[in-house]
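Visitor: Build the full structure now, drawing on both the sequences and the hints.
Residue numbers (our numbering), protein chains in the order written: chain A, 91 to 392; chain D, 91 to 392.
Just so you know, these hints were derived from the structure itself, not from any lab.
What you are looking at is a predicted structure, and each value in this text was computed from that prediction instead of being measured.
Incorrect hints may appear among the rest.
Identical copies go unnamed one by one, so any copy, or any two together, can satisfy a pair.
What the hints assert, rightly or not - Taking lysine-lysine and the DSBU-like style, the derived pairs with C-alpha atoms no more than 35 Å apart in a straight line are: (1) Lys-292 with Lys-369; (2) Lys-329 with Lys-369; (3) Lys-97 with Lys-369; (4) Lys-113 with Lys-154; (5) Lys-97 with Lys-113; (6) Lys-329 with Lys-292; (7) Lys-329 with Lys-97; (8) Lys-113 with Lys-163; (9) Lys-154 with Lys-97; (10) Lys-154 with Lys-329; (11) Lys-292 with Lys-163; (12) Lys-292 with Lys-97.
There are 2 protein chains.
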Amino acid sequence: MTADLSKGAAWMNGEIVPISEAKIPVTDWGFTRSDCTYDVASVRNGAFFRLEDYLDRFQASLSKVRISVPQTKDDIREIVHSIVAASGLCDSYVAMVASRGVPLIPGTRDPRQCGNHFFAWCIPYLHVIRPEVAARGAHLFVPEDVRRIPPDSVDPTAKNYHWGDLTRGLFEALDAGFDTALLLDHQGNVTEGPGFNVFSVKGNSVRTPDMGVLEGITRRSVLEVARELGLETEVRPIKLDEFLESDEVFTATTAGGIAPVARVNDRVFSNDAPGPTTKRLEAAFLSLFDRPEHRQPVNYSS
Amino acid sequence: MTADLSKGAAWMNGEIVPISEAKIPVTDWGFTRSDCTYDVASVRNGAFFRLEDYLDRFQASLSKVRISVPQTKDDIREIVHSIVAASGLCDSYVAMVASRGVPLIPGTRDPRQCGNHFFAWCIPYLHVIRPEVAARGAHLFVPEDVRRIPPDSVDPTAKNYHWGDLTRGLFEALDAGFDTALLLDHQGNVTEGPGFNVFSVKGNSVRTPDMGVLEGITRRSVLEVARELGLETEVRPIKLDEFLESDEVFTATTAGGIAPVARVNDRVFSNDAPGPTTKRLEAAFLSLFDRPEHRQPVNYSS
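Guide: Here you go:
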């Protein structure tokens with residue numbers, strides 16, 4: 091009998107196991123120091139989307155945090171394909187993770203003396219902002235008293251699990267009756283929310299913050315389709331005041347794509363509904379999934 | 091045959107297991123969002139030191155990060171005693187951890203819908219600064235370009251695993267030939283290092299930073315013995331310039347106690363050796379371990 095992998099599968103130490111059996115030691119520095127990096131790609135309709143871009147970003151993150159794993163980029167591509175194929179999931183959220191590991195010398199506090207390791211897992215595709223929320227336009231809360239961890243503390247371009255600030259913001263947002271949070275940096279610029287980049291539409295211009303944020307692949311896709319649609323794009327700091335003067339606002343993430351935002355704090359956008367430019371961008375974004383250069387079909391029969 | 095627990099033991103879901111078997115799911119938000127809190131107590135010479143203070147701080151941290159576990163403070167006391175007794179370790183580093191857990195509803199992004207859980211583990215006692223390094227006086231490096239995560243991003247008084255900044259600093263310190271790192275905050279004040287508080291001795295005064303740091307129990311003990319020795323204590327912001335004008339510098343942590351510092355960057359303290367006041371404080375600190383009010387002997391025969 092084969093294990094049930096329909097709830098998710100993981101590659102751990104060379105074996106494919108059900109997601110519920112995929113575990114790491116409680117003494118792994120990936121946990122006890124959040125000393126790890128990761129990436130999340132997606133499979134939609136049986137194919138990876140822009141997988142090479144995710145693999146490249148993951149390699150860049152590994153280098154930034156000085157974690158070195160035995161698996162090459164080719165190995166990792168093969169591994170993530172293999173777990174999705176084994177799971178049978180046609181729509182999947184696919185995580186690749188590299189961790190500092192456990193100390194190889196008991197009691198050492200030297201990060202160079204740990205057993206760096208790689209693993210990967212996949213689960214059914216999920217939406218950071220639920221589809222029914224995206225349909226009416228999400229409500230974002232910007233907390234006054236919680237600021238995004240600055241880049242000179244933790245580099246947001248090396249994808250990381252330092253989510254304490256985002257979790258604090260999320261709790262405040264939920265307490266206040268909002269759907270999710272959007273954090274400012276210490277200079278008062280808009281940054282990102284728990285699991286998504288943000289965009290502002292003003293006239294013919296599509297804008298997103300440049301600093302203190304993850305360089306999202308979905309963010310990149312949005313900027314590309316915006317240009318294809320003849321819109322201007324601006325990647326630069328955006329103060330909250332300017333952001334609140336947007337015509338439209340939306341979020342972008344691998345886990346859910348584009349989600350329209352109808353409200354930020356007490357400000358209402360585009361008649362409290364998804365805006366027209368956001369809808370055009372979303373349609374254009376979704377069409378990217380059909381482009382052969384972005385599609386890597388999963389071979390489920392292997 | 092009983093499992094070998096001499097390398098460490100853990101309490102996981104009601105069972106005591108060897109430390110190497112203690113694991114958490116890769117999808118636990120304690121890992122994927124570093125959404126957890128913890129504390130570390132110590133057993134020296136067969137007895138917990140100030141265990142009630144650690145238990146109280148852990149309860150306060152739980153409340154700050156809004157994690158709720160079924161185990162009461164009394165349960166946790168019993169659990170940590172039981173794992174140390176089972177391990178037979180007379181000198182032990184004892185961690186208690188509470189994690190947000192895995193989502194109870196597949197795909198949810200709501201931190202209120204996760205299975206919060208508690209676990210604990212113990213390993214042989216370790217020194218954040220190795221005894222041979224402490225004996226000559228540690229060399230601390232203060233990186234220019236890495237700053238401690240600010241309190242309005244992640245609250246350092248709720249003990250947490252957001253160590254990305256500390257790890258970056260540690261790598262820079264090791265690259266530069268130093269033993270460990272000391273981080274500044276964004277205002278240029280001294281904060282803490284990877285796993286320790288810092289102290290400055292100037293004349294008759296013992297000083298330690300007030301903000302942006304863990305409220306260490308060892309730090310508290312040092313302040314108490316300093317007062318008992320007739321020294322002044324000051325808990326306030328300390329700019330790097332002032333810190334470098336100290337007569338003596340030392341670190342304080344549960345995992346190793348007081349460790350003298352001989353150098354910070356290119357500044358040499360107390361003739362490049364442990365200073366006299368540091369030594370007096372260390373002797374007084376070590377004598378605290380014999381005080382009945384601070385000692386909870388472990389019952390190894392149970």
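Visitor: All hints are to be evaluated individually against the structure, with a verdict given for each.
Guide: Each hint tested on the structure:
1. Lys-292 with Lys-369: within (14 Å within a copy, 64 Å between copies)
2. Lys-329 with Lys-369: within (24 Å within a copy, 52 Å between copies)
3. Lys-97 with Lys-369: For Lys-97 and Lys-369, the Cα distance is within 35 Å only inside one copy (32 Å; across copies 58 Å).
4. Lys-113 with Lys-154: Both. Shortest intra-copy (25 Å) and inter-copy (27 Å) distances satisfy the 35 Å Cα cut-off.
5. Lys-97 with Lys-113: both (15 Å within a copy, 20 Å between copies)
6. Lys-329 with Lys-292: within (14 Å within a copy, 44 Å between copies)
7. Lys-329 with Lys-97: neither (41 Å within a copy, 53 Å between copies)
8. Lys-113 with Lys-163: Answer is both; intra-copy 23 Å and inter-copy 27 Å each pass.
9. Lys-154 with Lys-97: both (32 Å within a copy, 33 Å between copies)
10. Lys-154 with Lys-329: both (28 Å within a copy, 29 Å between copies)
11. Lys-292 with Lys-163: neither (39 Å within a copy, 54 Å between copies)
12. Lys-292 with Lys-97: Neither way: Lys-292 and Lys-97 sit 41 Å apart in one copy and 61 Å across, limit 35 Å.
The structure does not agree with the numbered hints 7, 11 and 12 stated previously, though it agrees with the rest.
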